[in-house]
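Chains A and B, in that order, are what the protein sequence lines are. With the first letter of the first sequence counted as 1, position 11 gets the number 11 in the numbering used here; the numbers rise by one all the way through. With the first letter of the second sequence counted as 1, position 261 gets the number 261 in the numbering used here; the numbers rise by one all the way through.
Derived from the structure by calculation, the hints contain no laboratory data. Hints should not be assumed to be uniformly reliable.
To be verified - Coverage of chain B stretches by chain A, computed from C-beta distances (three or more under 8 angstroms per stretch; other residues unrestricted): (1) 68-79; (2) 107-115; (3) 393-401; (4) 408-415.
Said to hold, decoys possible - Distance ranges between label pairs, derived from CB positions: (5) Gly-151(A) x Tyr-37(B): 25 to 35 angstroms; (6) Asp-40(A) x Asn-118(B): 21 to 31 angstroms; (7) Asn-230(A) x Glu-395(B): 39 to 49 angstroms; (8) Trp-249(A) x Ala-425(B): 41 to 51 angstroms; (9) Leu-312(A) x Ile-9(B): 29 to 39 angstroms; (10) Ala-406(B) x Trp-114(A): 30 to 40 angstroms; (11) Phe-13(B) x Gly-151(A): 20 to 30 angstroms; (12) Asn-118(B) x Arg-148(A): 35 to 45 angstroms.
Glycine residues also receive a C-beta, built at the ideal position from the N, C-alpha and C atoms.
Here is how the chains run, residue by residue.
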Amino acid sequence: MPMETWLPVVWFGVIGFGVLMYVVLDGFVLGLGILAPFADDGEQLDLMMNTAAPIWDGNETWLVLGGVGLLAAFPTAYALVLSALYLPVLLMLVALVFRGVAFEFRFKAGSTKWLWGWAFALGSLCTAFWQGVILGALVEGMPVQEGRYIGGLLSWFSPFSMLTGAAVVFGYALLGSTWLILKTEGDLQRTARVLTRPLVLVVSVFMGLVSAWLPFLDSRVMERWFEDGNFWWLSPVPALTLLTAVGLWRAAMAEGRDARPFVLTLCFFALGFVGLVLGIWPYLVPPSLTIWEASAPASSQGFMLAGVVVLLPVVLGYTVWSYRVFRGKILAGQGYHH
Amino acid sequence: MDALLLSRIQFGFVVSFHVLFPAFTIGLSSWLAFLEYRWLRTRDAVWKDLYFFWLKIFAVSFGMGVVSGIVMSFQFGTNWSVFAERAGAVLGPLLGFEVLTAFFLEATFLGVMLFGWNRVPERLHFLSTCMVALGTVISTFWILSANSWMHTPQGYELVDGFFHVSSWREVIFNPSFPYRLVHMTLAAFLTTCFVIGGVAGWYLRKGEHVEPARRMLRLATIFALIVVPLQILAGDLHGLNTVKHQPLKVAAMEGHWEQLPEGEGMPLVLWAVPDQEKRTNHQQIAIPRLGGIILTHSWDGQIEALDSAPPDDLPPVAPVFYAFRLMVAIGIAMLALAVASGVRWRQGRLDSARGLHLAWKLMLPSGFVAILSGWFVTELGRQPWVIYGQLRTAEAVSQVGGASVALSLGIYILAYAVVFGFGSAYILRMLGRGPLPHEPEPETEGGERTPARPLSAADASLEEGAR
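Make a model of the complete structure from these sequences and hints.
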């Protein structure tokens, strides 16, 4: 098989992996911000932020890897998507700026501390929403002619993209609440447990809605799932998703197994991600750009891939190490006041 | 509205804001590694107090650098999509290697550096500090390679207007890269050096934190005495390299409009008011022949003049010309201050030289100003090209309407004003407070039960400072 055939496939996998890593890792940090209004007081919010303070920066770096990986491997798709979704991307980036600096500013702010509590909450909420909108607009497809985007400033606005925007907000909130079950005890953990069950329900409904809607957006999705007996091959995906949701519902209130809800939520997200990819493949920008059409030349994809193969395991290695350094519960009255 | 002009303003705005933070944290992370090393070697508490003090400043600056950097990595697509599409195969992998070799390294070890004091053995903590410092330098390597390639592109072939790489070695080690890398890295270290010296001068003027301030002032003096002359040399070599590859940029820096008759020699223009329209200088003050001697190292040498190119191929001369003079003036002032401090030190009067302390205090932001001026010189000086000689800036812009770009520019200005206004205020306040004896360590327990304690002393005093 020539390089030009399989390199784009490998790169689709690499970028998919990067995006999934970003979604689950920054997802739970953004979820903490979305859940910030449920904190009893400033001290509880300190606690929530402290569970992520040493690792948020590394988590956010996966977004940069996704963006830059797209530029390197699929420059045409990078150029098309970002300029077409100009406004959602802008608003997501600005929200991320406020969310990020809130971590550093809040503990140093003095009388303006409240401001950065709000920046954390609203920044996280808006980042999540706009990421969902970007996802929805991408899956739905955008008006492209001869490789150029021909829609307007607001063509991403649709019922479907609003639905995915809301879905991602609740999905991240679920990641955040199960992370808190893992990392905290006492009142805050109880709050997180109480929030988890309704969130499981809401996220399952959103997943169902998106899954039901997708085949009607695009006939290819319909064919992929429901022709040639494909459904039987693919049915483990929705079946496992459903099982995971049930397991989550039960695990949410089970005392003593504090890691299980978070792990199940990770599976939940991974399955949802697989479902989406099955709908999109082999397009990067449905329905106009396949991964082969959007690809950089093999000289670039190959060079960068060599770097990924050598360096990504190293990155994953020290990332795991840093999570181990900061393992365990964060207790009230302690904190990272650096 | 003109989407091209607005996109240029927006890119200039976000990149100028962004560059200030890495420029500071590159040097600061090495400074922190030095402080921690001194503490481990001497067990002198002053070093440890200084470490924790500068660590807080570092955390805030680094955070602002990270968030403004994420904006940068998406700007190419949102506003410069034609550039991204055509050159992505070259620049994407360079930035990709930056993420894989530097960004993850910095971000992950930063967490341990900030919060791991009680969680990892002290040698491992020191290693984390070193990894963060190493990450900032590796990041400088890749980003300047990418930037230099846009100035002096090579190692590629054009396929339907798209840049395809034929040799990665030639792309990465393009002709202007070594010079730019050295010049920018030294600039970043000097920026930090003058902040440290400036803070020391400030404390000595106030009569506070005298012992740490004396140490910082001495270290800043030694560093500046070695590195400022090196930087002037590096700048000169970088300039000669630019004469070779981008002669019009140097002509704009020198205000050199007309080709002179053979044997006349090029003057060094000290001051003038360049007039792009009439293609000449007004109110010119110049030293005969010196320009040729500096740029060509010969008595009657001259470089290609601005009149050798059509008006459409010229950079905006006045901003390049002024920014260059500002950068050079700061370089000379840095050298003078370093030498004066060295002399006073030898006389044993460094601690009582009140005037010098004031000079250091006033020079605190000088590195930032010099970096921005240098940045304007090199980036405006290569206009109208975004990839020199190959792709014009005007062709590279996205097909996004002027109104959209005006809106985004407004949002960026507003958001950055709030975020970086507060951020700078917090940094200044922490600097004003200074290192406390027995600076409290960042607390890192969690997992084991330890008694609850109120906010640390550092935060408490900041609260008071805010009221």
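Here is what the structure says about each hint:
no.: 1; hint: 68-79; in the structure: holds (count 10)
no.: 2; hint: 107-115; in the structure: holds (count 8)
no.: 3; hint: 393-401; in the structure: holds (count 4)
no.: 4; hint: 408-415; in the structure: holds (count 4)
no.: 5; hint: Gly-151(A) x Tyr-37(B): 25 to 35 angstroms; in the structure: 56 angstroms, violated
no.: 6; hint: Asp-40(A) x Asn-118(B): 21 to 31 angstroms; in the structure: 28 angstroms, holds
no.: 7; hint: Asn-230(A) x Glu-395(B): 39 to 49 angstroms; in the structure: 45 angstroms, holds
no.: 8; hint: Trp-249(A) x Ala-425(B): 41 to 51 angstroms; in the structure: 47 angstroms, holds
no.: 9; hint: Leu-312(A) x Ile-9(B): 29 to 39 angstroms; in the structure: 37 angstroms, holds
no.: 10; hint: Ala-406(B) x Trp-114(A): 30 to 40 angstroms; in the structure: 32 angstroms, holds
no.: 11; hint: Phe-13(B) x Gly-151(A): 20 to 30 angstroms; in the structure: 27 angstroms, holds
no.: 12; hint: Asn-118(B) x Arg-148(A): 35 to 45 angstroms; in the structure: 56 angstroms, violated
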